[in-house]
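K.L.:
Using the sequences plus the hints, can you model the full thing?
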Amino acid sequence: MAATFFGEVVRAPCRAGTEDEEEEEEARETSEDTEVRRQLAQKREVQLLRRQTETTLDGSLLENHPCSKFIIAIGNNAVAFLSSFVMNSGGWEEVGCTKLWNEWCRAADSLHLCPTDALCVFYQLKSDPSVFGSSPRKNMQITILTCRHVTDYKTSESTGSLPTPFLRALKTQHFKDSACCSLLEQPNIAHGLPAAVLSYCQVWKIPAVLYLCYTDVMKPDIVTIEAFKPILSSMSFKDLVTAVPRRSEILKKLTSSETQSNIYT
Amino acid sequence: MASRYDRAITVFSPDGHLFQVEYAQEAVKKGSTAVGIRGTNIVVLGVEKKSVAKLQDERTVRKICALDDHVCMAFAGLTADARVVINRARVECQSHKLTVEDPVTVEYITRFIATLKQKYTQSNGRRPFGISALIVGFDDDGIPRLYQTDPSGTYHAWKANAIGRSAKTVREFLEKNYTEDAIANDNEAIKLAIRALLEVVQSGGKNIELAIIRRNQPLKMFSAKEIEFQVTEIEKEKEEAEKKKTKKNI
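Protein chains in written order, with our numbering: chain A, 8 to 272; chain B, 6 to 255.
Everything labelled a hint here was simulated from the structure, so no lab data went into it.
We put the beta carbon where it would ideally sit given N, CA and C, even for glycine.
One or more of the hints may lead you astray.
Where chain A lies over chain B, by a calculated footprint (3+ residues, C-beta under 8 Å) [as the list claims (entries may be wrong)]: (1) 24-31; (2) 34-47.
Within a straight-line C-alpha distance of at most 27 Å, the following computed DSS-like cross-link-like pairs (lysine-lysine) qualify [stated by the list, open to error]: (3) A:Lys226 with B:Lys35; (4) B:Lys211 with A:Lys226; (5) B:Lys248 with A:Lys236; (6) B:Lys181 with A:Lys236; (7) B:Lys173 with A:Lys226; (8) B:Lys196 with B:Lys250; (9) A:Lys236 with B:Lys173; (10) B:Lys230 with B:Lys196; (11) B:Lys196 with B:Lys55; (12) B:Lys211 with B:Lys59; (13) B:Lys35 with A:Lys236; (14) B:Lys196 with B:Lys225; (15) B:Lys211 with B:Lys230; (16) B:Lys181 with B:Lys249; (17) A:Lys161 with A:Lys236; (18) B:Lys250 with A:Lys236; (19) B:Lys54 with B:Lys173; (20) B:Lys243 with A:Lys236; (21) A:Lys226 with B:Lys54; (22) A:Lys226 with B:Lys59; (23) B:Lys55 with A:Lys226; (24) B:Lys181 with B:Lys164; (25) A:Lys161 with B:Lys173; (26) A:Lys161 with B:Lys35.
P.N.:
Here it is as structure tokens:
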């Protein structure tokens with residue numbers, strides 16, 4: 008215990024290890040606490056469902072639809088690139104989606120999540136099921152697309168002189184093809200979900216590449232979306248894109264669903 | 006290193022950066038695009054209109070403002086900062102007219118705004134203005150002018166420039182397409198401004214606002230119909246150019 012400058016008594020951190028008081032507190036945990044913990048854990052479970060019918064999908068998605076090419080887009084510009092350039096050509100069929108809830112979500116539980124909250128939709132190419140097809144998992148190759156703000160990019164140049172938006176790549180050891188752009192220089196790192204996926208792939212020896220677009224506009228923006236275009240020449244995407252859409256078509260699809268802000272004009 | 010030297014505006018970092026000023030330039034990029042073009046007999050300001058909330062009065066959301074009868078400006082960045090700068094500039098224009106009995110030159114009012122912005126980068130307890138401005142107009146000598154200011158308080162004259170979101174893309178477009186032919190007559194200069202904006206504006210002509218000043222004439226704001234008309238003409242010209250290309254290839 009210690010007294011502060013303002014006269015309040017606070018608990019000082021003890022470096023002698025666990026105190027006896029803590030053990031007593033643990034014993035006082037009631038069945039109510041365990042029940043609350045169990046319900047929270049249940050809420051946080053990731054569910055796999057069919058979006059239209061909201062029925063749960065049985066079994067693991069990858070077991071039912073094993074694939075050779077798995078493409079993940081994280082963030083609105085990456086998703087817009089995939090939907091405008093890749094899913095525009097060819098028939099893609101939705102095979103399922105996941106909803107995820109945790110304590111940071113504003114909704115009370117995953118049943119009340121609105122579409123802009125944590126949601127992931129899985130699509131399968133109807134004409135070529137090997138993209139999400141019948142090859143064994145060993146030959147699977149993963150491509151991850153995401154965006155980051157250019158001010159996160161560490162460089163000796165000033166951010167004003169950088170040619171934003173620009174692409175950088177990061178790949179796992181088992182990814183043998185060359186990336187479509189230069190690799191991410193040190194000391195820059197990947198963050199969040201893309202980093203988690205790439206780490207998982209590195210550990211489980213799955214060939215994977217992350218394409219990171221550094222941009223100064225995080226909202227859906229055509230210039231940022233078009234910055235992903237060099238990827239279309241890579242092995243994973245060559246067979247998937249038949250027609251490059253015109254700018255006007257892409258612009259039509261971009262809808263800004265954010266709330267009105269009057270701070271910036 | 007940045008985090009130790011970016012809290013106070015009046016502190017330089019060891020390598021000579023004023024981080025607050027550089028961060029203010031990031032605030033400018035959050036505003037929608039504005040483009041300015043200096044023609045032979047006309048100056049044009051085009052802006053990307055922000056989408057207005059349903060219950061909001063559209064007339065009160067303006068990016069292009071007149072500073073005097075012969076000078077106007079468009080800004081990008083913090084709305085409230087822009088309002089303060091515009092008010093000060095307007096007062097200065099009238100004060101100058103009453104004192105010297107001459108209207109301000111475009112360069113004078115630009116220098117005034119730039120000096121004001123610079124003061125706020127050197128005072129303790131204040132932060133820089135988070136706006137960049139494009140100032141256009143005609144002087145008494147009949148020469149068209151276009152100036153750009155930024156949060157650091159610098160100002161330069163330009164033939165054509167863009168500020169705000171995606172300004173780099175628009176500037177590259179202008180560098181490729183600003184030729185003596187392109188600004189040969191007033192209509193071509195207006196079309197160039199609209200074409201530059203269409204590169205980055207979502208959903209086309211509906212989201213564009215345009216203003217022009219012609220020599221010895223007051224500021225004119227284009228109506229939505231007039232802009233739609235120009236956009237349709239531009240699209241026709243594009244289609245014709247594409248048809249010609251395909252014919253050539255065959």
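K.L.:
Does the alpha-carbon distance linking Lys230 (chain B) and Lys196 (chain B) stay inside the 27 Å limit?
P.N.:
holds, 15 Å
K.L.:
Are Lys236 (chain A) and Lys173 (chain B) close enough, with their CA atoms no more than 27 Å apart?
P.N.:
holds, 18 Å
K.L.:
With the threshold set at 27 Å, check whether the alpha-carbon distance from Lys226 (chain A) to Lys35 (chain B) stays at or below it.
P.N.:
holds, 10 Å
K.L.:
For the pair we were handed, Lys196 (chain B) and Lys250 (chain B), check the Cα-Cα distance against 27 Å.
P.N.:
Between Lys196 (chain B) and Lys250 (chain B) the Cα gap is close to 21 Å, so the pair holds against 27 Å.
K.L.:
Would the hint linking Lys161 (chain A) and Lys35 (chain B) be met if the CA-CA limit is 27 Å?
P.N.:
holds, 21 Å
K.L.:
Measure nothing beyond the straight line between the CA atoms of Lys173 (chain B) and Lys226 (chain A); if it is 27 Å or shorter, mark the hint as holding.
P.N.:
holds, 16 Å
K.L.:
Are the Cα atoms of Lys243 (chain B) and Lys236 (chain A) separated by 27 Å or less?
P.N.:
holds, 23 Å
K.L.:
Quick one, are Lys54 (chain B) and Lys173 (chain B) close enough, alpha carbons at most 27 Å?
P.N.:
With a Cα-Cα distance of about 18 Å, the restraint between Lys54 (chain B) and Lys173 (chain B) holds, given a limit of 27 Å.
K.L.:
Given the hinted pair Lys196 (chain B) and Lys225 (chain B), is their Cα-Cα distance within 27 Å?
P.N.:
It holds: about 16 Å lies between the C-alpha atoms, which stays within 27 Å.
K.L.:
Check whether the Cα positions of Lys181 (chain B) and Lys249 (chain B) lie no farther apart than 27 Å.
P.N.:
holds, 20 Å
K.L.:
Against the 27 Å threshold, does the CA-CA distance of Lys248 (chain B) and Lys236 (chain A) hold or violate the hint?
P.N.:
Status holds; Cα separation ~25 Å.
K.L.:
Mind checking the alpha carbons of Lys161 (chain A) and Lys236 (chain A) for me, to see if they're no more than 27 Å apart?
P.N.:
Holds, at roughly 24 Å.
In summary, this structure violates none of the numbered hints.
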